[in-house]
Amino acid sequence: MQSEALEGGFPDAPVDAARAFRAAMNAMARPGRIETLAGAVPPAPLSAAAGALILTLCDPETPMHLAGGLDVAGVRDWITFHTGAPLVGPAEAVFAVGQWADLQPLDGYRIGTSEYPDRSATLIVEMPELAPQGAVLTGPGIKESTRLSLPDVAAMRRNAALFPLGIDFFLTSQDRVAALPRSTRVEDN
Amino acid sequence: MSDYNFAYLDEQTKRMIRRAILKGLAVPGYQVPFASREMPMPYGWGTGGVQVSAATLTPEDRFKVIDQGADDTTNAVSIRKFFERTAGVEVTEETEAATIIQTRHRIPEAPLSEDQILVYQVPIPEPLRFLEPRETETRKMHSLEEYGLMHVKLYEDISQHGAIATAYAYPVKVEGRYVMDPSPIPKFDNPKLADCPAIQLFGAGREQRIYALPPYSDVVSLDFEDHPFEASKADHPCDLCGARDSYLDEVITDDRGGRMFVCSDTDYCRTRQAQGHLGAQLAAKQEGAA
Amino acid sequence: MYVAVKGGERAIDNAHAWLAEERRGDPTVPELSVAQIREQMALAVNRVMTEGSLYDPDLAALAIKQARGDLIEAIFLIRAYRTTLPRFGSSVPVKTAEMACERRISATFKDAPGGQVLGPTFDYTHRLLDFKLAAEGETPTAPEGEARREPTPHITGFLNREGLIQTEDESGETPPDLTREPMELPAARALRLQALTRGDEGFVLGLAYSTQRGYARNHAFVGELRIGTVAVEMDIPELGFAIEIGEITVTECESVNQFKGSKTEPPQFTRGYGLVFGQTERKAISMALVDRALRWKELGEDDQGAPAQDEEFVLMHCDNIQATGFLEHIKLPHYVDFQSELELVRKLRRAAGAEEVKEAAQ
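Protein chains in written order, with my numbering: chain A, 1 to 189; chain B, 1 to 290; chain C, 1 to 362.
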């Protein structure tokens, strides 16, 4: 294990994680809203926001899937050291992180069951950028409607159609995060 | 208490609760099971709300706790003190100044804002529990969206009493999908659940459930076309501040039938009095003193 | 003129101060030490450890002292403390077959290898108040025998050899942890047993008694009751093997129950199981009976609708910390809800009154 795996965690975990969670919760509660998520310095190519989400939410109880370019030794070691989350394939993952293309196909992840819709995966999608433009979002958490740059509108609509089952998404770019839960209705602009 | 972690709970417990909160927000009104911990206060006294607050608080927050709408009821005092001690957060009694409000049995009268989080203490999170005591059955009913039993119960009330005989913990339907227990708030408060700019989180410790309403959620109190839902309260103005729009407590003042009605939301009442609003009894008293 | 009640904080502080004074009692009477409680109230300590799920006689004794002898309150203190403890790992299952027994009895055989050992039991005491105990200074001694060197075999093992009792195969699975995962029903037996061990002694006793009186009667005998010390071992990954980290006293009960057999199985005995910390035999026996009653489904028996067969009823109500919290919370203010009902009842009565007036007028 490289020594950099030991670095880049939250300097003051209880407080940093509390602040990061607030940003993550605000994002999930208000789909489309872009929040800042700082505090973590993960190894490349993991973004600061994705790193903070992982430190805040993942631990030995949450199997994780690293997709594509993120499945590299530096990231694996960092996650293992800081969270202890077991690294697994998509089907067992509680969290998965990667670029949109690498995370495909979406039907490989858990979407919950009708009795336990919460037992579904949360995907952390690394985006080149995040902007309040593009697809039109409506639904719980959104006053009237809002816009967010989504990687694939059709796929998000198919996911929303599964409600109350489905996957929930965090979209991350550098130190910014937005979320798209399954409850959000998505329209092309 | 300084030996304990920030906001009392250990980090792994907080992560588990935080994950449950996020899934609750993603599926509004659905009760997410969580491994509720044994807290240093009894089950039934707000352990669910306390765990949700503990997982949500940051050092920058201003925390308010109300029980029955009041900041000074003993259990509210006790919970407020717990977080003052374990999280070092600033506390307030002003609804508008608070960023997190933990509540038992009321929604504050002052409209909430986007920057606020309302945390409810929930005794029995299952709205169908009194119709069907078995968790194994009610879970099935939710999964199949089988809420006929609830409508039958409400309709039986109407045929027996001429009205729906549920005055608090009045069931609601969230986003057209899950029937949800709003916690034992008086039905007067039900309309405030809907279209609320704040995040609403519900924690049931003993029953190990967390659920949530994202801001601006669609929340409808169950009713019938010929018997529409009615948010009711005592038909009086507040005797201290004169408010006509607030939920009132009836206070017995003597043993000869004397009584008065006062706002259950103590901050709302105090704020109005400070603004110069006077209720009948307070006005009479001031006149007497003058 | 009504003035809203203020000063909740001072009221709480004063209540706590008064409580502390009452806890100490008459200051002219010497104060109890934790060691005295640990040594002389050992059965209370055992119950607190069992239902508190924490093996620490000193802490349990402290909790009893702090709780003024209210054992449920003491269990609560232990549970709340336990949740804050970091976890270093899990032990390997304790080997009760290797227990150094202080007491070991079987009701199903007159004698068996290892013998019937009464041990320190109330069983044959005549329940006559011993006024000598009211006087101080007695240090009784008991005659000593030869300690048995070889392990005491389990009684059910003898039945096992003949195929007369259902075998319980080791699944090798890691059991779920009731304190770390939300209860999910239907529950596996491992989860049920955990819940029963932590369950309220009185509640579990009452349920067990109900099975004896015919509510899902399962014809239980105490196949074996054994009390003694067992080693606790933990796997140390760095070493690659398990090492002993300590010793605990436990009570184990295996009940032997009649079983009629089914279409696929010839008649055979079955068992119920109880395991608790310390010498807590009433609880261990009760637990075994309730465990057996809850096994109706896997053994292909009829659901008689008895409370002890109802897994959800038993598991959701056996925890005295949950029960007492929720029961006692009704003394918290509920005046907002009460007010809403008051308004509703008044309104319904007004409506009913108006209806009567209308009818009378017609």
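These are calculated hints, taken from the structure and not from any lab test. Source: prediction; values computed, not measured. Ideal Cβ positions, reconstructed from N, Cα and C, are used throughout, including at glycine. Take these hints with a grain of salt, some might be off.
[To be verified] Only part of the chain C face toward chain B is listed, based on derived beta-carbon distances under 8 Å:
1. Ala11
2. Asn14
3. Thr84
4. Val94
5. Arg180
6. Gly325
7. Phe326
8. Pro333
9. Ala351
Cross-check of the supplied hints:
1. Because the smallest distance between the Cβ of Ala11 (chain C) and any Cβ of chain B comes to about 6 Å, under 8 Å, the interface hint for this residue holds.
2. For Asn14 (chain C), the interface hint is violated, the least distance from its beta-carbon to any beta-carbon of chain B being 11 Å, above 8 Å.
3. Checking Thr84 (chain C) against chain B by beta carbon gives a least distance of about 7 Å; that is within 8 Å, so the hint holds.
4. About 24 Å separates the beta-carbon of Val94 (chain C) from the nearest beta-carbon of chain B, more than 8 Å, and the hint is not met.
5. The interface hint given for Arg180 (chain C) holds, since its Cβ lies 5 Å from the closest Cβ of chain B, which is under the 8 Å cut-off.
6. Given the 8 Å rule on beta carbons, the hint for Gly325 (chain C) holds: about 3 Å separates it from the nearest Cβ of chain B.
7. For the restraint placing Phe326 (chain C) at the interface with chain B, the shortest Cβ-Cβ distance is roughly 4 Å, inside the 8 Å limit, so the hint holds.
8. Among the interface hints, the one on Pro333 (chain C) holds; its C-beta lies about 5 Å from the nearest C-beta in chain B, closer than the 8 Å criterion.
9. Annotation: interface hint on Ala351 (chain C) holds; nearest CB of chain B at approximately 6 Å, less than 8 Å.
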